[in-house]
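Going down the list, the sequences are from chains A and B.
Mapping of the first sequence onto the working numbering: position 193 corresponds to residue 193, and the numbering continues sequentially without gaps.
Mapping of the second sequence onto the working numbering: position 18 corresponds to residue 18, and the numbering continues sequentially without gaps.
Simulated from the structure, these hints should not be mistaken for lab results.
Among the hints, erroneous ones may be present.
[What the hints assert, rightly or not] One-sided and incomplete, this derived list gives chain B residues near chain A with beta-carbon spacing under 7 angstroms:
#	residue
1	188
2	189
3	208
4	212
[As the list claims (entries may be wrong)] Below, simulated BS3-like cross-link-like pairs (lysine-lysine); rule was C-alpha separation at most 27 angstroms, straight line:
#	chain 1	residue 1	chain 2	residue 2
5	A	208	A	192
6	A	241	A	208
7	B	19	A	140
8	B	226	A	140
We treat Cβ as the ideally placed atom computed from N, Cα and C, and that holds for glycine.
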Amino acid sequence: MNESVTAPVIELSGVSKFFDQFQALREVDMDVRLGEKVVVCGPSGSGKSTMIRCINRLESHDQGRIVVDGIELTHDMGNILAVRREVGMVFQQFNLFPHLTVLENCTLAPMRARKLSREEANRVAMEYLERVQIPDQANKYPAQLSGGQQQRVAIARSLCMKPRIMLFDEPTSALDPEMIKEVLDVMVELAKEGMTMVVVTHEMGFAKTVADKMVFMDHGEIVEVAPPQTFFNDPQSDRTKQFLSQILSH
Amino acid sequence: MADAGTSTALAQRGRNAKKPPLLLLWERSQRSPWVASVQFAAFAALLLWLAMLGAEQMGYLWQWYNIPQHFFREVDGEWIMGPLVKGLLVTLQIAAWCIILTLAAGLVTALLRMSDSLTGSALATGYLELVRNTPLLVQLYLFYFVISPILGVDRFWTGIICLTFYEATFVAEIIRAGIISVDRGQWEAADAGGLTRRDAYRYVILPQAVPLMLPPLTGQIINLIKHSAIVSVIAVTDLTTEGRNLIADTFMSFEVWFTVAGVYLVMTVSLSFFVTWLEHKIKVRT
Ligand SMILES: Nc1ncnc2c1ncn2[C@@H]1O[C@H](COP(=O)(O)OP(=O)(O)OP(=O)(O)O)[C@@H](O)[C@H]1O
Ligand SMILES: [Mg+2]
Numbered sequence: 001m002n003e004s005v006t007a008p009v010i011e012l013s014g015v016s017k018f019f020d021q022f023q024a025l026r027e028v029d030m031d032v033r034l035g036e037k038v039v040v041c042g043p044s045g046s047g048k049s050t051m052i053r054c055i056n057r058l059e060s061h062d063q064g065r066i067v068v069d070g071i072e073l074t075h076d077m078g079n080i081l082a083v084r085r086e087v088g089m090v091f092q093q094f095n096l097f098p099h100l101t102v103l104e105n106c107t108l109a110p111m112r113a114r115k116l117s118r119e120e121a122n123r124v125a126m127e128y129l130e131r132v133q134i135p136d137q138a139n140k141y142p143a144q145l146s147g148g149q150q151q152r153v154a155i156a157r158s159l160c161m162k163p164r165i166m167l168f169d170e171p172t173s174a175l176d177p178e179m180i181k182e183v184l185d186v187m188v189e190l191a192k193e194g195m196t197m198v199v200v201t202h203e204m205g206f207a208k209t210v211a212d213k214m215v216f217m218d219h220g221e222i223v224e225v226a227p228p229q230t231f232f233n234d235p236q237s238d239r240t241k242q243f244l245s246q247i248l249s250h
Numbered sequence: 001m002a003d004a005g006t007s008t009a010l011a012q013r014g015r016n017a018k019k020p021p022l023l024l025l026w027e028r029s030q031r032s033p034w035v036a037s038v039q040f041a042a043f044a045a046l047l048l049w050l051a052m053l054g055a056e057q058m059g060y061l062w063q064w065y066n067i068p069q070h071f072f073r074e075v076d077g078e079w080i081m082g083p084l085v086k087g088l089l090v091t092l093q094i095a096a097w098c099i100i101l102t103l104a105a106g107l108v109t110a111l112l113r114m115s116d117s118l119t120g121s122a123l124a125t126g127y128l129e130l131v132r133n134t135p136l137l138v139q140l141y142l143f144y145f146v147i148s149p150i151l152g153v154d155r156f157w158t159g160i161i162c163l164t165f166y167e168a169t170f171v172a173e174i175i176r177a178g179i180i181s182v183d184r185g186q187w188e189a190a191d192a193g194g195l196t197r198r199d200a201y202r203y204v205i206l207p208q209a210v211p212l213m214l215p216p217l218t219g220q221i222i223n224l225i226k227h228s229a230i231v232s233v234i235a236v237t238d239l240t241t242e243g244r245n246l247i248a249d250t251f252m253s254f255e256v257w258f259t260v261a262g263v264y265l266v267m268t269v270s271l272s273f274f275v276t277w278l279e280h281k282i283k284v285r286t
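Could you put the whole structure together from the sequences, leaning on the hints where they help?
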C-alpha cells in the first residue's frame, strides 16, 4: 500500500517515437507519482501531444518502455484497454459525441467499458455534471452548449470512468478568453482533490498554482524538469529561458 | 423569435409589393409542389404522345386494354395473379435479399479494408478491384455456368449471389467513405474512454456515419433494383423475363415494355420517398 504511493504511477523510460523518418520523441524519460500534478510545456511541434498520447496509447511508441499503473503498454489490446480505463483524457477540441446528449456522453464509456447499469451510470454522471456545474444541461446536445460548457462536459465524461490519472492536452487553447477560467477552475478543484494529472498547457498562472513539477520539451526531448518555483525563477537551460521569455512577455 | 419571424415576413411583403401581381403569382406557383407535379405530368404526357404518334406512323396497333389482365385476372370468381405480378414478386424477392446481403457484405468488406490486418485489407481490395473491373454480365455467366454447377446452386440464388457480389463493392466504398468522414477526434475520444473497437463503431462512429451514407446508399439500392433485370438472361422469372415472355405470346411489345418500365419506376420512386422520410426522421431525433 505504502509502496504504491511512492512508486511511479506513470513511468516512461527511453521512449522514442517516429512518424516515418521524423523522430517526434527522443528517448524521453519521465516519472509521475500518484497524486502528482505535472505540467508540460514547450514550443509548437516539440512533441508534447505525442508524449501524452503515448500514455494512453492513442499513439504507439517505437522504442523504450511505458508502464501505467503497473501495466506495460505493448501491442496487447487487453493491456491497452485496461490502461485506458484508468486514464482519462481531455482534448483541445473537446471531441464530445455530437449525436449523444450530455448525459449519454457521460454514461457511454462507464456502461460499455465498466459495465455499469444505466441507473448507476446516470447517477455517477449527474454527480460529476454537478461537480462541473452543468447538471441542468444534461439533456442537451453538445452543439447547444458554449465552448467552456462543452469542455467541462468533456472533463465530466472522463471523470465518470473514475480514472486514477487524468491527461489534458491544451484543454483551454480552443476556448474564447472569457471561458478559459471556468475550465481552469474545474481543473484546479480536481487537483485539490488529489487527482494525478498530466497537463499540456501554456496557462502559466495555472501551472504556478497547481504544478508539482514542470516539464519543458523541445524537439522531442525533455529539456528540463523542475518544481515551478525553480522552473520560473531560475531555469537552467537556455532553451527554457528563451521559451519562458517569449511566453511570459505576452 | 416571433418578432424575427414577423419582421422577415414584413420584409418579404415589402419586397414583393413592388412586383406586378401576375409575376408574383407566377413566382409563387414555381415553388408549389402541385405545379411541379402538373408540369412533370404534362411533360410525360408529351413524351408519351410523341411515342404514340411515332408508333401510329409505323402502323402499330395499340392494345392497352389488354394489359390489366396480365396483372390480375378473374377466373371463376377468383382473382389470380398474372405474369406481371408474379414477375414483380420475384423481382421484389431478389431485391429484398440483395439489399440485406449487399449491406452486410458491403459493411464487412469496408471494415476489412480499413482493418489493421494486412490479409484482411488485401483480400478486400483484391475483391473490389476484381469485381468492379469486369462486366456484370460476364460475372453472371461465370456464376451461372461455372460456380453454380460446382456448388449446386439454383438460378434464383445464382442471380442473387452474383448481384450481391457486384453491388456490395459499391456499397463497401460508400460505407468506407461515410466512416472516414467521421472526425478523427471521435475515434480518439472513444479509444480514450476505453471502448473496444466494436463498441466504438457501434455507439460512436456508425451512428454518425450512417446519416451521411443514406443518400448514396439509396442511389445504390435503386441501381441494384434496376440491375436486377439482368437475371433475365439466366431465365430467372423476374419482372423483365415475364415481360419478355408476355411479348412473345402477345406481340404487344410497346405496351408491355412501357408497363414494365413503369413498374420499375414505381418501385424506385417509392424507395426514394421512403428514404427521404427516414432521413427526416433521423434528423428530427438528433
Ligand atoms: N500523425 C502524425 N504524422 C506525422 N507527423 C506527426 C503526426 N503527429 C505529430 N506529428 C509531428 O510530430 C511533431 C510533434 O507533434 P506534437 O503534436 O506532439 O507537438 P506539440 O508539442 O503537441 O505541438 P503543439 O503545441 O502545436 O500542439 C510535430 O512536428 C508534428 O508535425
Ligand atoms: Mg499538441
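We went through each hint and held it up to the structure:
no.: 1; hint: 188; in the structure: 6 angstroms, holds
no.: 2; hint: 189; in the structure: 4 angstroms, holds
no.: 3; hint: 208; in the structure: 5 angstroms, holds
no.: 4; hint: 212; in the structure: 12 angstroms, violated
no.: 5; hint: A:208 with A:192; in the structure: 14 angstroms, holds
no.: 6; hint: A:241 with A:208; in the structure: 16 angstroms, holds
no.: 7; hint: B:19 with A:140; in the structure: 44 angstroms, violated
no.: 8; hint: B:226 with A:140; in the structure: 43 angstroms, violated
The earlier numbered hints that this structure contradicts are 4, 7 and 8.
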